[in-house]
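A.B. asks: These protein sequence lines are chains A and B, in that order. Numbering (the numbering used here) for the first sequence: 78 to 225. Numbering (the numbering used here) for the second sequence: 57 to 121.
A few of these clues could be false.
Derived lysine-lysine pairs resembling DSS-like cross-links, with alpha carbons at most 30 Å apart [said to hold, decoys possible]:
| # | chain 1 | residue 1 | chain 2 | residue 2 |
| --- | --- | --- | --- | --- |
| 1 | A | Lys112 | A | Lys221 |
| 2 | B | Lys84 | A | Lys95 |
| 3 | A | Lys182 | A | Lys221 |
| 4 | B | Lys90 | A | Lys221 |
| 5 | B | Lys90 | A | Lys112 |
| 6 | B | Lys59 | A | Lys221 |
| 7 | A | Lys182 | B | Lys90 |
| 8 | A | Lys112 | A | Lys182 |
| 9 | B | Lys59 | B | Lys84 |
The calculated label-pair distances, taken between Cβ atoms and stated as ranges, are [unchecked claim]:
| # | chain 1 | residue 1 | chain 2 | residue 2 | range |
| --- | --- | --- | --- | --- | --- |
| 10 | B | Ala97 | A | Ser147 | 25 to 33 Å |
| 11 | A | Glu144 | B | Asn73 | 20 to 28 Å |
| 12 | B | Ala60 | A | Arg197 | 24 to 32 Å |
| 13 | B | Thr83 | A | Ser212 | 20 to 28 Å |
| 14 | A | Ile153 | B | Glu93 | 24 to 32 Å |
| 15 | A | Trp91 | B | Asp69 | 26 to 34 Å |
| 16 | A | Lys112 | B | Gly103 | 31 to 39 Å |
| 17 | B | Asp91 | A | Leu224 | 30 to 38 Å |
| 18 | B | Ala60 | A | Phe156 | 22 to 30 Å |
| 19 | B | Ala60 | A | Gly154 | 31 to 39 Å |
Covered, in the sense of this in silico footprint (three residues per stretch, anywhere, with C-beta under 8 Å from a C-beta of chain A), are these stretches of chain B [what the hints assert, rightly or not]:
| # | region |
| --- | --- |
| 20 | 59-65 |
| 21 | 90-98 |
| 22 | 105-116 |
Don't read these hints as lab results, they were simulated from the structure. Glycine residues also receive a C-beta, built at the ideal position from the N, C-alpha and C atoms.
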Amino acid sequence: MRRFYTRLPMGEPWAPFKNDQVEWVPLLTVSLSLKNVPPSYSFEVLLDTGSPICLFRADLGRSLGLEIESGPVQRIGGFATNSTEPAYFHTVNLHVGTNWAVEIKAGFVENLSMAGLLGRRGFFENFVVRFDHSSSPPYFDLEKISLI
Amino acid sequence: MDKAVDLSRTLADAPRNCWVALDREETKVVGSGKDPEMAIANARAQGISDPVLIWSPETWTPVIG
Numbered sequence: 078m079r080r081f082y083t084r085l086p087m088g089e090p091w092a093p094f095k096n097d098q099v100e101w102v103p104l105l106t107v108s109l110s111l112k113n114v115p116p117s118y119s120f121e122v123l124l125d126t127g128s129p130i131c132l133f134r135a136d137l138g139r140s141l142g143l144e145i146e147s148g149p150v151q152r153i154g155g156f157a158t159n160s161t162e163p164a165y166f167h168t169v170n171l172h173v174g175t176n177w178a179v180e181i182k183a184g185f186v187e188n189l190s191m192a193g194l195l196g197r198r199g200f201f202e203n204f205v206v207r208f209d210h211s212s213s214p215p216y217f218d219l220e221k222i223s224l225i
Numbered sequence: 057m058d059k060a061v062d063l064s065r066t067l068a069d070a071p072r073n074c075w076v077a078l079d080r081e082e083t084k085v086v087g088s089g090k091d092p093e094m095a096i097a098n099a100r101a102q103g104i105s106d107p108v109l110i111w112s113p114e115t116w117t118p119v120i121g
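Isolated chain A (complex conformation):
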């Protein structure tokens, strides 16, 4: 499956890249479900090879019926060294496209600046992704790894 990057606003121009008006971002449309329950609505998440885990906003989990704070908690941080947030983990089904679904252990976070991000555990261990950021527009190819 090929998906082109999505153009998102940049807000104020970035000081080192003042000629850039927009930002191309590798977003993927997914949905979540609990076991034996139809998938939720669709939403856009970021493919993030730098993240060791999959994360979603907590309100997405609540809309599935999860009691977020009942899951195992792990504090997580980003590039800033002095800031962490609790992520509560639950097992959910991640639906990609119309044919692919994988069971993943995902973290749910209150203050996430996006709907979710797909990281190495749960997503990149189940899908081969080839990014081409050199083309215009950039794109990625996505394929589910077949289990033998």
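Based on the hints, put chain B in the right spot on chain A.
C.D. replies: Relative to chain A, chain B alone:
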């Protein structure tokens, strides 16, 4: 989606710090809300039964994963 989606203008003018519902082609905002259900309900009130949701942050700043 088999073509590039340009949300730069659509989202620049969209409500912030909330969920935004887009039509299936992701060309226009059809609802918004503080939680996903509210955004979907607003989209359905506009006749869009299966919107795509995206979180619209307070500000569009670089995100480092």
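A.B. asks: All hints are to be evaluated individually against the structure, with a verdict given for each.
C.D. replies: Structure-based check of each hint:
1. Lys112(A) x Lys221(A): holds, 20 Å
2. Lys84(B) x Lys95(A): Holds, at about 27 Å.
3. Lys182(A) x Lys221(A): holds, 17 Å
4. Lys90(B) x Lys221(A): violated, 33 Å
5. Lys90(B) x Lys112(A): Between Lys90(B) and Lys112(A) the Cα gap is close to 26 Å, so the pair holds against 30 Å.
6. Lys59(B) x Lys221(A): holds, 21 Å
7. Lys182(A) x Lys90(B): holds, 25 Å
8. Lys112(A) x Lys182(A): Cα-Cα ~12 Å, so holds.
9. Lys59(B) x Lys84(B): Holds: Lys59(B) and Lys84(B) sit about 16 Å apart, inside 30 Å.
10. Ala97(B) x Ser147(A): 25 to 33 Å: holds, 27 Å
11. Glu144(A) x Asn73(B): 20 to 28 Å: holds, 25 Å
12. Ala60(B) x Arg197(A): 24 to 32 Å: holds, 26 Å
13. Thr83(B) x Ser212(A): 20 to 28 Å: Check passed, 22 Å falls within 20 to 28 Å.
14. Ile153(A) x Glu93(B): 24 to 32 Å: Given about 26 Å between the Cβ atoms, the range holds.
15. Trp91(A) x Asp69(B): 26 to 34 Å: Since Trp91(A) and Asp69(B) have Cβ atoms about 20 Å apart, the given range 26 to 34 Å is violated.
16. Lys112(A) x Gly103(B): 31 to 39 Å: holds, 32 Å
17. Asp91(B) x Leu224(A): 30 to 38 Å: holds, 36 Å
18. Ala60(B) x Phe156(A): 22 to 30 Å: holds, 28 Å
19. Ala60(B) x Gly154(A): 31 to 39 Å: The hinted range 31 to 39 Å holds for Ala60(B) and Gly154(A), with Cβ atoms some 32 Å apart.
20. 59-65: Contact hint for the region 59-65 of chain B vs chain A: holds, 7 residues under 8 Å.
21. 90-98: holds (count 4)
22. 105-116: holds (count 9)
Checked against the numbered hints above, the structure violates hints 4 and 15; every other hint is satisfied.
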